[in-house]
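Participant: Here is how the chains run, residue by residue.
Number of protein chains: 2
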Amino acid sequence: MKGYMGKILRVDLTKGRAEAEKLDENLAKKFIGGSGLATKILYDETGPETDPLGPENRLIFMTGPFAATPVITSGRHHMVSKSPLTGAYTESDTGGTWGPFLKRAGFDGIVVTGKASKPVYLWVSEGKAEIRDATRFWGVDTYDLDEAIRKDTHPEAVVASIGPAGEKGVRYASIMNDGKEARAAGRGGTGAVMGSKNLKAIAVHGKMQVEMADAEGLRASLKEISPMVAKNTEGMRKNGTAGGLATFEALGSLPLQNWKFQGRWEQGAAKIAGPAMTEKILTGNYFCERCVIGCGRRVKVDKGPFAPVEGAGPEYESVAMLGSLCLVDDIEAIAKANEICNRYGMDTISAGAAIAFAMEAFEKGIITKKDTGELELLWGRGDVMVKMAEKIGKREGLGQLLGEGVRIAAEKLGKNAVEFSIHVKGQEMPAHDPRCFNAGAVGYATINRGACHLGFSHVFERVLSMPEIGVDQPLPRLEVKGKGELAAKTQNIMGLFDSLKVCKFSMFGGLKMTPILAWYNMVTGNSVTMDEFLKTGERIFNLKRMYNVRCGISRKDDVLPSRFLTLKHEGEGLNPNLPPLGELLYDYYKFRGWNEEGIPAPEKLKELGL
Amino acid sequence: MKGYMGKILRVDLTKGRAEAEKLDENLAKKFIGGSGLATKILYDETGPETDPLGPENRLIFMTGPFAATPVITSGRHHMVSKSPLTGAYTESDTGGTWGPFLKRAGFDGIVVTGKASKPVYLWVSEGKAEIRDATRFWGVDTYDLDEAIRKDTHPEAVVASIGPAGEKGVRYASIMNDGKEARAAGRGGTGAVMGSKNLKAIAVHGKMQVEMADAEGLRASLKEISPMVAKNTEGMRKNGTAGGLATFEALGSLPLQNWKFQGRWEQGAAKIAGPAMTEKILTGNYFCERCVIGCGRRVKVDKGPFAPVEGAGPEYESVAMLGSLCLVDDIEAIAKANEICNRYGMDTISAGAAIAFAMEAFEKGIITKKDTGELELLWGRGDVMVKMAEKIGKREGLGQLLGEGVRIAAEKLGKNAVEFSIHVKGQEMPAHDPRCFNAGAVGYATINRGACHLGFSHVFERVLSMPEIGVDQPLPRLEVKGKGELAAKTQNIMGLFDSLKVCKFSMFGGLKMTPILAWYNMVTGNSVTMDEFLKTGERIFNLKRMYNVRCGISRKDDVLPSRFLTLKHEGEGLNPNLPPLGELLYDYYKFRGWNEEGIPAPEKLKELGL
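In order, the protein sequences belong to chains E and P. Mind the numbering: the first sequence is residues 21 to 630 in the numbering used here, read in order. Mind the numbering: the second sequence is residues 21 to 630 in the numbering used here, read in order.
Mixed in with the good hints there might be a few duds.
Because identical chains share one entry, a pair is satisfied inside a single copy or across any pair of copies.
[Claimed, not checked] Here are the simulated lysine-lysine pairs, DSS-like style, with alpha carbons at most 30 angstroms apart:
1. Lys-626 x Lys-280
2. Lys-135 x Lys-251
3. Lys-576 x Lys-243
4. Lys-384 x Lys-624
5. Lys-407 x Lys-251
6. Lys-626 x Lys-435
7. Lys-291 x Lys-227
8. Lys-532 x Lys-414
9. Lys-171 x Lys-532
10. Lys-588 x Lys-532
Source of the hints: derived by calculation from the structure; they are not laboratory data. Since we're looking at a predicted model, the values are computed, not measured.
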């Protein structure tokens, strides 16, 4: 089968060994690559007894068949592991250029296990892999490290690494790549897993080429579709992913004040939205490999209390979580906190959520100035938000607690704090209010890694259509009927995106499943039908669920924080809603062929070949 | 103020002292008696740090102003404590004759604290109280004990006592009274609290009389209303509270197979409903003091595998929980298990729930024959259900675990069992399906002692009206609008019933709040308005909530088991529903003047004088 290098790199850090293993083509057919293939490996090699931060956990980096091919927006790779944040399945993906260069170095993926006795990094180049000492790099932030490792290896090497947050076990530590053109695998704490293994970085480089079954056909198809995607994403290129932030505010979907704000926040939103960023701090944009969208922000702040900031700017999630969620309306403060998160290597979503959680705890007197080191942890204080981000990265003072994530932090602070710890399955909520999107709500409740916007259900309730799954136009947001089904179907196709490794933003450019399937067949030489293709997405989702079921997850965990179920966000022009989660889950389970406890029925597993 | 004896008996078992204390009339005005007054004492004297089974917990027995007066259905008293089942507020009430005789013995209530160094019982008679050795009574069941204690004190003494279940700390052990004309304070484990204090029984007797402000007016009013109540409750007199069981089955409200059954169970229901009991095993009925209803069942089984049974028969909750919930359709098996629960002194609702929970765990392979002592714990097996009830009463084998209640049992069995442990706040669900009643659903989720049918909201969705709270006719069951308000209002007036100590079944006889208030004013000599009266009910409910808030309870605990939110009960002629709990809670909190976390707002507490 074309499209793959045919090799997986197996790294055992305890033994200090890195060896190539043949890729199992049958598995690659059944699970494609990226998320799907890595999940299969995790499922087979770990389980309920695995300590996420123990040497026996696996940290799996995986590319898809499109990486290093001309397929647009294919500069992505995927990480899968057992999460220290949720204690269950996690995955995280990122863009940039690391994935394609891993393939050019000769490997489709890397499976890391064990724990090195001292800090090491991995250098993968031209079919070979070397475990190198990284003692001198421990404690270095991801931007500085990128330069240092490139000096130590190859000037064009691409580096994926952790920062101090991952070293110190922040449960939502990220794995960053591509230096100051930063791309983050933010969610679920894969950076903490990497840190627990004493693995500081993986640098990749190579010039090998991936074979394609029908390169010509692929090029012809891309020639037709690329301009459309590029044209339809002009707004994103100009104002980044935060371009629509004011629209979200008007919809009531922008997260505000740890999700308890009442009323409108128009002026604040205008000050931090994409156009404001463009006007105030933007110096340019950047692209992942084969990208035609260019949402990456290059920013600079060289004056004022938050200077210096230079390099990657915040995308929508970061702006919202570090900004509006804390009622911070200063884009420079947000850019600074974003850079801190990037350099220390931690998820901006969970970090912003942890800070907002702490602000509410401070407001309620559950934590005091004694806990904050005399910081006035008040809503809207950008300077304080920035300081807290740094404290978390350093795990200093209150940052020690907040680095545990809001679920554990709230449990430690006592029952009164549990109420406003906003997460699903232990993972903090991203920046789209589930009260505004009924499919989004049930999607958030059921996605395997916990609260997650990349199931994309909510997008199909507002702007996107996908005829291949029977969604000819977006479904009205606040309808209930059909939303369980919509959430399940979009989760399934997002599993395909995550396994092929295509950027989901390409859908905003008008990309549909039909050309994606055509490209898959052209690259691999397979002749998969749309039905089989969609079934593969369903198979991948169910495999993740089964991993979680083994870890004790069931219907009782398919919940939303009660704030979303019992507190309406009211305000002028808003249309306040509370998602009827029970009804939605009933429909969702029924459509999925799961039993009333949320466990996939034996017949369903058989149908999917699991 | 008339209607009270003016004295509370304070018993400290550690010190071996029993002393009279003057009743605080201001508190009696503010909290009436029964539930309200006892709650105030619990609130002031215990809190989050109190161990429910430690000597510092209080066990409070309280009568209301109507006990020992001619008010119909006033033969009731109330118990309040911190619950070993929920770790929070609990209360339980019972009928019979014990309450009136406590007053005739000279006391409005008894507050028990401390722990005796060996088993004791309390003998309260003619204004005096004596702590007596009960070593020889330890281990005796409540029926036999009743006789023995009467021999030891006065042939007409009335005995409230625990059985072996209370001695052994079954977390839902009851306090039973009136011997074989058994009445049970079943819920919340007050019997375990009594057992933890080494207090086996309290016997009361006396001939004192309670003064009334307007005895003549009261008698005239009662003369008018009693016949109406008697006439309207003929069905209950004939077939007991289980008379309507078949109707509940047809509605989908009868609990079946640990609440997961699909379809209809008509034949089973017919075999265990009131008319079948009347036909097969009834020998007569009995009445509480001043009762005109006579729902008490006197039954006899003298042949077959379940003989002998003689004495009190099962009421609706017991038939449903020990019967249909386990798919047991044999009324003799149910009567036997009911007698076991009575004799051992444990709640039939929680016991039935624990057995059904175990049957589901057995079905799922979570417990096996090794755990059950080779018992085939199968749905519908009456013999096995009876054996399990006995094992719980003795805390023998699997009964040890099941005596902890389903919440703790499920936690010990592991995550897969949590899914089907059906409780709210740790207290097992009673026998009215919340999927059938939207106000009932939010009522169940919010009642202070955990899942409880005696908030009565569901009854106002089917048969009852109460113009005094604006409910001129029952509200349609599956409507959502107005149901948060209905639940709150009915909870408030049930607080009045529980504090005055009037039987709630009198409402089925047509009794309304207006005559009840008139009686209250006639007995006490007060001139309370209906507004003040209803406000008192609200005050009492909020005080209980505040006790729970101190114990860490908030919105996160105002939930329903997910089975009720995500599994529809479908069947011919049923109208399957899932209560939209989020929306209902939103309305409920708003109506209550509680914040979004379910905490009463300061203004509300001030308004209520709390």
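Participant: Now tell me if each hint is right for this structure.
Facilitator: For each hint, the structure was consulted:
no., hint, verdict
1, Lys-626 x Lys-280, "between (44 angstroms within a copy, 24 angstroms between copies)"
2, Lys-135 x Lys-251, "neither (47 angstroms within a copy, 80 angstroms between copies)"
3, Lys-576 x Lys-243, "neither (48 angstroms within a copy, 54 angstroms between copies)"
4, Lys-384 x Lys-624, "between (47 angstroms within a copy, 18 angstroms between copies)"
5, Lys-407 x Lys-251, "neither (40 angstroms within a copy, 74 angstroms between copies)"
6, Lys-626 x Lys-435, "between (42 angstroms within a copy, 25 angstroms between copies)"
7, Lys-291 x Lys-227, "neither (45 angstroms within a copy, 80 angstroms between copies)"
8, Lys-532 x Lys-414, "neither (43 angstroms within a copy, 66 angstroms between copies)"
9, Lys-171 x Lys-532, "neither (41 angstroms within a copy, 87 angstroms between copies)"
10, Lys-588 x Lys-532, "neither (35 angstroms within a copy, 36 angstroms between copies)"
Hint compliance for this structure: hints 2, 3, 5, 7, 8, 9, 10 are not met, and every other hint is.
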